[in-house]
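A.B. asks: One letter stands for each residue in the lines below.
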Amino acid sequence: NAGVMQNPRHLVRRRGQEARLRCSPMKGHSHVYWYRQLPEEGLKFMVYLQKENIIDESGMPKERFSAEFPKEGPSILRIQQVVRGDSAAYFCASSPPMGRQSTDTQYFGPGTRLTVL
Amino acid sequence: KQEVTQIPAALSVPEGENLVLNCSFTDSAIYNLQWFRQDPGKGLTSLLLIQSSQREQTSGRLNASLDKSSGRSTLYIAASQPGDSATYLCAVKGGNQFYFGTGTSLTVIP
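As given, the protein sequences belong to chains A and B, one line each in that order. Going by the numbering used here, 92 is the number at position 92 of the first sequence; the sequence numbering is gapless. Going by the numbering used here, 24 is the number at position 24 of the second sequence; the sequence numbering is gapless.
Just so you know, these hints were derived from the structure itself, not from any lab. Take the hints with a grain of salt, since some may be wrong.
Calculated lysine-lysine pairs in the DSSO-like style (CA-CA distance at most 27 angstroms, straight line) [to be verified]:
(1) A:62 x A:51
(2) A:62 x B:1
(3) A:44 x B:42
(4) B:68 x A:71
(5) A:51 x A:71
(6) B:68 x B:1
(7) A:27 x B:68
(8) A:44 x A:71
(9) A:62 x A:44
(10) B:1 x A:27
(11) A:27 x A:44
(12) A:51 x A:27
(13) A:27 x A:71
Please construct the entire structure, taking both the sequences and the accompanying hints into account.
C.D. replies: Here it is as structure tokens:
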């Protein structure tokens with residue numbers, strides 16, 4: 001059973017370009033989460049999606065960032081008009097349907113390292 | 001808002017030593033607490049999950065404790081090995097997300 005897959009692993013963009021990060025959840029998982037890890041900081045929650053639905057986007061910057069998880073295909077985190085401050089590691093995690101259970105956990109992918117020149 | 005703090009930020013020990021990593025959180029209304037390991041350039045590997053009703057969990061040389069009322073958790077590593085060198089992250093689950101600390105970078109010197 002393959003784990004959570006993310007691609008690309010490394011992405012270099014110039015200021016003003018668009019970055020598209022992809023995440024394929026573990027088989028059987030219908031829930032996807034995106035986190036951002038800035039240099040010298042902890043992972044920060046960005047968004048929580050189910051297939052075709054955004055459940056919680058409380059951690060998403062209001063502008064330039066968007067996420068989707070279509071019925072078919074991977075989840076996409078899209079950053080428009082990137083700036084140097086967007087340079088970070090972006091991690092995707094997946095889970096089966098997660099309620100408010102004490103056993104809930106998430107499985108993390110290897111991350112995409114975005115560098116904005 | 002939940003805040004998770006880990007101390008120390010970095011730790012260097014000789015091989016064979018026992019060590020303790022600390023995690024504190026501000027809101028005790030959590031579902032569980034997890035300890036993860038992160039290797040450079042890699043993703044996160046879950047080490048131990050402690051449910052909110054539990055006090056501790058053990059896996060091999062690792063033992064994690066949870067005191068919800070005081071907002072504290074510790075990760076105890078026995079007989080440390082060079083392969084234990086990594087960043088250790090503490091995360092608490094509240095609502096839809098996990099709240100992460102900034103981690104403790106551990107170096108075990110052969």
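A.B. asks: Does each hint hold? Answer for all of them.
C.D. replies: Verification of the supplied hints:
{"no.": "1", "hint": "A:62 x A:51", "verdict": "22 angstroms, holds"}
{"no.": "2", "hint": "A:62 x B:1", "verdict": "19 angstroms, holds"}
{"no.": "3", "hint": "A:44 x B:42", "verdict": "17 angstroms, holds"}
{"no.": "4", "hint": "B:68 x A:71", "verdict": "39 angstroms, violated"}
{"no.": "5", "hint": "A:51 x A:71", "verdict": "6 angstroms, holds"}
{"no.": "6", "hint": "B:68 x B:1", "verdict": "16 angstroms, holds"}
{"no.": "7", "hint": "A:27 x B:68", "verdict": "33 angstroms, violated"}
{"no.": "8", "hint": "A:44 x A:71", "verdict": "26 angstroms, holds"}
{"no.": "9", "hint": "A:62 x A:44", "verdict": "15 angstroms, holds"}
{"no.": "10", "hint": "B:1 x A:27", "verdict": "33 angstroms, violated"}
{"no.": "11", "hint": "A:27 x A:44", "verdict": "25 angstroms, holds"}
{"no.": "12", "hint": "A:51 x A:27", "verdict": "13 angstroms, holds"}
{"no.": "13", "hint": "A:27 x A:71", "verdict": "14 angstroms, holds"}
This entry does not satisfy hints 4, 7, 10, going by the numbered hints stated previously.
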